[in-house]
Amino acid sequence: MSDKPVRGSLIGDGLAQVGALALFLLQVLAALPRSLRHFTETIRQIFFVGAMSLIIIMTCGLFIGLVLGLQLYEVLSRFGSTASVGTVVAIALYRELGPVVTALLFAGRAGTSITAEIGLMRATDQLAAMEMMAVDPLAYVVAPRFLAGIIAMPLLASIFNALAIFGAHLVAVSWLGLDNGTFWSNMTGAVDVWTDVMNGVWKSAVFGGVVTLVATFQGYSTAPTSEGVAYATTRTVVYSSILTLAIDFLMTAFLM
Amino acid sequence: MTQRRSHQIGTGLFIVLGFTALGYLATQTTSLANYRQGPTYALKARFTNVGQLKLRAPVKIAGVRIGSVSDIQLEPDRLEALVTLAIDKRYDQLPDDSAAAVFTSGLLGDQYVALKPGGSPDMFKHGDEIILTQSSMQLEELIGKYLVGSGDSQTRKPAAEESPATPESANH
Chain H
1 MSDKPVRGSL
11 IGDGLAQVGA
21 LALFLLQVLA
31 ALPRSLRHFT
41 ETIRQIFFVG
51 AMSLIIIMTC
61 GLFIGLVLGL
71 QLYEVLSRFG
81 STASVGTVVA
91 IALYRELGPV
101 VTALLFAGRA
111 GTSITAEIGL
121 MRATDQLAAM
131 EMMAVDPLAY
141 VVAPRFLAGI
151 IAMPLLASIF
161 NALAIFGAHL
171 VAVSWLGLDN
181 GTFWSNMTGA
191 VDVWTDVMNG
201 VWKSAVFGGV
211 VTLVATFQGY
221 STAPTSEGVA
231 YATTRTVVYS
241 SILTLAIDFL
251 MTAFLM
Chain A
1001 MTQRRSHQIG
1011 TGLFIVLGFT
1021 ALGYLATQTT
1031 SLANYRQGPT
1041 YALKARFTNV
1051 GQLKLRAPVK
1061 IAGVRIGSVS
1071 DIQLEPDRLE
1081 ALVTLAIDKR
1091 YDQLPDDSAA
1101 AVFTSGLLGD
1111 QYVALKPGGS
1121 PDMFKHGDEI
1131 ILTQSSMQLE
1141 ELIGKYLVGS
1151 GDSQTRKPAA
1161 EESPATPESA
1171 NH
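As they're listed, the protein sequences go chains H and A.
For the first sequence, position 244 matches number 244 in this note's numbering, and the numbering has no gaps at all.
Positions in the second sequence are counted from 1; adding 1000 to them yields this note's numbering.
Treat the hints as calculated values from the structure; they're not laboratory data.
Treat the hints loosely; a few may be bogus.
To be verified - Capping the alpha-carbon separation at 25 Å, the derived lysine to any residue pairs in SDA-like fashion look like this:
(1) LYS1060(A) - TYR1041(A)
(2) LYS1125(A) - LEU1082(A)
(3) LYS1060(A) - THR182(H)
(4) LYS1060(A) - ASP192(H)
(5) LYS1054(A) - ALA128(H)
To be verified - For each label pair, taking beta carbons as the anchor points, the in silico distance ranges come out as:
(6) LEU176(H) - GLN1138(A): 54 to 60 Å
(7) SER226(H) - ILE1009(A): 20 to 26 Å
(8) VAL1064(A) - ALA22(H): 42 to 48 Å
(9) TRP202(H) - VAL1016(A): 17 to 23 Å
(10) MET256(H) - LEU1132(A): 37 to 43 Å
(11) LEU250(H) - LEU1142(A): 28 to 34 Å
(12) LYS1145(A) - ALA246(H): 30 to 36 Å
(13) GLU74(H) - ARG1056(A): 39 to 45 Å
Stated by the list, open to error - Rough simulated footprint, nothing fancy, chain A against chain H, three-plus residues with beta-carbon under 8 Å:
(14) 44-56
(15) 170-179
Where a beta carbon is used, it is the ideal one built from N, C-alpha and C, also for glycine.
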């Protein structure tokens, strides 16, 4: 991309962005098999985007669970059906909240650092240097991060869900006095492995790919200035959040 | 080298933790948790109407889960539902005059099969049939009964008013 932002209509700019992103996706997919040859780099990236995001994911999951338990208990007690707190928490988490909230946190925690890292590589001509040494930056820098996002996101979402269930149990059972057996037996009676749990796993894998794709694209095509890297980092969060929520709607509409 | 190794250990821990969480969610918080791994024996029961009874619905005695519904079929010759119950082998001391009924948990909850123990000295064996059954309560039937019942009481009301009138007329 050029240093100066391309002047043109808003729609034209938007379409150009979408087209460039789609082209970038194809290039990354083409580079994926080559990146598997140095898989240790992917493992290193899983550590950075996955393991390093654990603290924020676990903390937020716990609080989401606490809030869900509290709110649902209060609302459901008006209808005398507090027994289904566990069911509602589990289904809401597995289908929507787990994948989506994890993806938004992932965009803020891992997506920004990917964009900043690759953007600085671009700004300091490291990517150009790699190309000169016949090392394809798509295969060595971009593809491992993309793959790491797809692998790490479902695991992060699962950990998020587990902590949230724990939080909801803490509020509903330990604090508000719902019966422990009621909480679990209603949940196990209504939640299905494939339509609920695995549905969320597919979703979060797609979201992981979307967030890391946007993040690497923004870093890769940034204006090579400190201001350009700053803008690219902001765009990563904005675009990947919008894309995540839009794709979530599409996947919910078509998968269910 | 040591840094790469610590990254690999961290990644490994993260992946193990993630799959542990996923496995826990998939097996302990879903309907998979209701599968009894232990041995079961089969009992059959005929119902004229099973309502919304589903496969894997619980079978309970005194509210305690002792098994699950393993099969629901229509018997072609009698046009009744033949329900097969898989009862946990641990509960093999069920008197063979026990009764089965299809109940609803709560007003709008899922349906389950409730067994009411009888007093017979003989116990159910594998493949036995539960003779005494009570079908599921249908909300529509209850409403229908209520409507018809109220119609009856209206027609009977004048008769009820007349009957005290007759002794009065006899007094006069």
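Each hint tested on the structure:
no., hint, verdict
1, LYS1060(A) - TYR1041(A), "holds, 15 Å"
2, LYS1125(A) - LEU1082(A), "holds, 17 Å"
3, LYS1060(A) - THR182(H), "holds, 15 Å"
4, LYS1060(A) - ASP192(H), "holds, 21 Å"
5, LYS1054(A) - ALA128(H), "violated, 63 Å"
6, LEU176(H) - GLN1138(A): 54 to 60 Å, "violated, 35 Å"
7, SER226(H) - ILE1009(A): 20 to 26 Å, "violated, 35 Å"
8, VAL1064(A) - ALA22(H): 42 to 48 Å, "violated, 58 Å"
9, TRP202(H) - VAL1016(A): 17 to 23 Å, "holds, 22 Å"
10, MET256(H) - LEU1132(A): 37 to 43 Å, "holds, 42 Å"
11, LEU250(H) - LEU1142(A): 28 to 34 Å, "violated, 44 Å"
12, LYS1145(A) - ALA246(H): 30 to 36 Å, "violated, 52 Å"
13, GLU74(H) - ARG1056(A): 39 to 45 Å, "violated, 32 Å"
14, 44-56, "holds (count 6)"
15, 170-179, "violated (count 0)"
Of the numbered hints listed earlier, those contradicted by the structure are 5, 6, 7, 8, 11, 12, 13, 15.
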